[in-house]
Structures are given as C-alpha cells and as structure tokens.
Amino acid sequence: MKRKKILLVDDSRTSLFMEQMVLKNGPYDFVTARDGQEGVDKAESERPDLILMDVIMPRMGGFEAVRELRAREGTREIPVIMVTTRGEGDNVENGFESGCTDYLTKPIDPAALLAKVRDHLGE
Amino acid sequence: MRAIENDNGGGVREEEVGSPHAVEDLWGENERLREHLAQAESERDQLAERLRELERALEDNAILQQSSSLANLFVAGHRLHTGVDLAEVIEAIEEIVATLVGSEEMALFERHEDEPALTLLASVGIDPAPLRRIALGAGIIGRTAQTGEVHVAGGERVEEPGPAEEGLTACIPLTLAGRVTGAIAIFRMLPHKAALEPRDREMFDLLARQAGMALYCARRRPAPSAAGSGA
Numbered sequence: 185m186k187r188k189k190i191l192l193v194d195d196s197r198t199s200l201f202m203e204q205m206v207l208k209n210g211p212y213d214f215v216t217a218r219d220g221q222e223g224v225d226k227a228e229s230e231r232p233d234l235i236l237m238d239v240i241m242p243r244m245g246g247f248e249a250v251r252e253l254r255a256r257e258g259t260r261e262i263p264v265i266m267v268t269t270r271g272e273g274d275n276v277e278n279g280f281e282s283g284c285t286d287y288l289t290k291p292i293d294p295a296a297l298l299a300k301v302r303d304h305l306g307e
Numbered sequence: 472m473r474a475i476e477n478d479n480g481g482g483v484r485e486e487e488v489g490s491p492h493a494v495e496d497l498w499g500e501n502e503r504l505r506e507h508l509a510q511a512e513s514e515r516d517q518l519a520e521r522l523r524e525l526e527r528a529l530e531d532n533a534i535l536q537q538s539s540s541l542a543n544l545f546v547a548g549h550r551l552h553t554g555v556d557l558a559e560v561i562e563a564i565e566e567i568v569a570t571l572v573g574s575e576e577m578a579l580f581e582r583h584e585d586e587p588a589l590t591l592l593a594s595v596g597i598d599p600a601p602l603r604r605i606a607l608g609a610g611i612i613g614r615t616a617q618t619g620e621v622h623v624a625g626g627e628r629v630e631e632p633g634p635a636e637e638g639l640t641a642c643i644p645l646t647l648a649g650r651v652t653g654a655i656a657i658f659r660m661l662p663h664k665a666a667l668e669p670r671d672r673e674m675f676d677l678l679a680r681q682a683g684m685a686l687y688c689a690r691r692r693p694a695p696s697a698a699g700s701g702a
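For the record, the sequence lines run as chains A and B. Residues 185 to 307 (my numbering) are what the first sequence spells out, left to right. Residues 472 to 702 (my numbering) are what the second sequence spells out, left to right.
For reference, chain A alone in the conformation it holds in the complex (with noise of 0.2 Å):
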C-alpha cells in the first residue's frame, strides 16, 4: 500500500503525540506544525495527503488556517479535519464554513481518529 502523509498542526504536543502514537501503524509518514501560519507553509512545501488541523492556536487559528489552504491552488483540495476542543454547534458551523472536510473533538478518542483519518484517505 503506498504510504500517505499527513500533516499534523497542534499548539499542543500532547496532542501531536497522542496522534502520531494513534496513526503509527498504518503506512503514514508524518509533517508537523505548531500553528495556522506555519500548517499553511509547510502544506504548500510538503503536499500532504491529508491535514488534521486544531482551531486555537498561536500566530493563526485553524479556521483562517483553513480558508488560507482553500484560497492556494495546490492546497484546495486537501482533505482538512478539525481537531479541537470547541465542539459546540456553533464551532462546527464555522469549521464548515471556513472550508474544513470533517470534525473531530477532543478529548480525542483514537478509534475515532483512526476510522475518520482511513475514511478520508480512501482507505
């Protein structure tokens, strides 16, 4: 199976870790970053397959995050799931809104994440 790369972006490195620690099995290689501004870079260099993204975080949030990947030619279409704390109806609304693929909250459950990550890159 060809491995796929997801882009990690998390203030939190509990969460980096938490999510690495999940995926780590399944043929994925790993790209992190540690807020909006620096996702949105390394997703324009890097090309992920796939960006599991938090919403409040230095420099820039994840939805401006977001809507920066859906304005970039080469980062319209990667698929985007929200990881956050904010699991309200209105977050959600805004998550969509600003362009995300799916939603996920934490506290995370690896089952979740792991059935969302497979579901999203086709597996």
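For the record, the hints were derived by calculation from the structure and aren't laboratory data. Even for Gly, the Cβ is constructed at its ideal location relative to N, Cα and C. It is possible that some hints are incorrect.
Partial list, computed: chain A residues near chain B (C-beta under 8 Å) [to be verified]: (1) 197; (2) 198; (3) 206; (4) 242; (5) 290; (6) 295.
Computed list of chain B residues with no C-beta within reach of chain A, every gap over 10 Å [claimed, not checked]: (7) 505; (8) 520; (9) 593; (10) 598; (11) 650.
Mimicking DSS-like on lysine-lysine, the simulated pairs with C-alpha atoms at most 30 Å apart in a straight line are [unchecked claim]: (12) B/664 - A/208; (13) A/300 - A/208; (14) A/300 - B/664; (15) A/300 - A/189.
For chain A, the structure is supplied; the task is to place chain B on it using the hints.
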C-alpha cells in the same frame, strides 16, 4: 387401525387412515413439516451466527476501549516525564487535562513541606484569585489534600463545596512517597463531554501517582542554561 395425529394437533380421523387420500395428505403434511423444520433450523443457525458476531463485536469494543485507555495513559506518562523544566511539566499537565480528560478549567496546587496549605501553581480558564492559598481541610480541594483521596463530583461521598469550588468536577491529590505534595482541581468539562468515563478515573490515578513526581523532579533539575554555564 389406529389414528395418526400430526404435529400440529390436527388429527387425521381414524376412518380416513389407509385411504389413498389420507396417505397423500400424510405425505403432504410430512413434507410441510420437513420444510418447516428446515426453515426453523436455518433461522436458528442465522441467530447463532448473529450472536457470535455480537459477541465478537463486544469483545472488539472492549479491546478497543481498553487500548484507547492505555494509549491515553501512555501519552500522559510520556508527556509528564519528558518535561525538561517546571514550565514544561505544568504545560504537560494542562494539556493532559484538556486533551485527554476534556476540561479547559483547572487549577494546579503545590504543598510545600510542612505547610498546612496548598499554594496555587498554575490555572487555566478560572479566576485564580480565590484559589491562591487553600488551607488543608478547607473545602473539597483542601480535604482532598488532607485525605489523599481522589474526589469526583457525584461520587459516593457527598461533600459541600467551598466558596470558590463551584463547578468542581474532580480533585486529584498529587502524592509522592505517600505524602500529598499538591492537587489538581478540574472544574467544568467541555460542553460536548457529558460525563466522566472509567478511563478518566484511570487517568486521575495516573496523575495522582506521577504528576507529583514529575513536578518534584522538574523543581530539582537544573535549568539548561545554568547546567551549561557550569561547564
């Protein structure tokens, strides 16, 4: 000649037994019963297979729940013990509570040796002013530090909260060598997290045993710059 009863209780009358029609009827009835039996056996086999599937799914789910819980505990343990200084250990505790338990309102306390009170070390999402110093035994947080027992709201013990403890969901004593060296107070959970789960209790136990040790070690570890300048 004796009468023959079929399984449905519909008897074949004695005078009919032996007549060509009666034999034909009996063969027909026999065939229907065979079909009925085959159908019943097929349904039974399907139900048995479904039951086995359900049992497998329950086992898989239990394994999945267990492995999820273990993953959380592993991540928490790793984060606690890879902090290079006090700030990183505090950050790790805050992230564990937010990311793995599901609350963005917490307070972290320390108890200095022989002090009869807890001192606030860090807080997130709450007003820290009324929590800066809590006497041992005062309110739920003070009693948790005094008894060394994890407090969970809605648990068996009903405790009266202190004035600054509104919304307190759990309080975890931090222990080191059998002595309470601090506490973590967790206030309101994230809106989409309805209640604490068994895995949260396991996380509280881990925090109680290891967060105090991580803070203790971080306090005694020389700062990287100080260690470097000594060379």
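Violated hints - listed by number, lowest first: As far as the earlier hints go, only 4 is violated by this structure.
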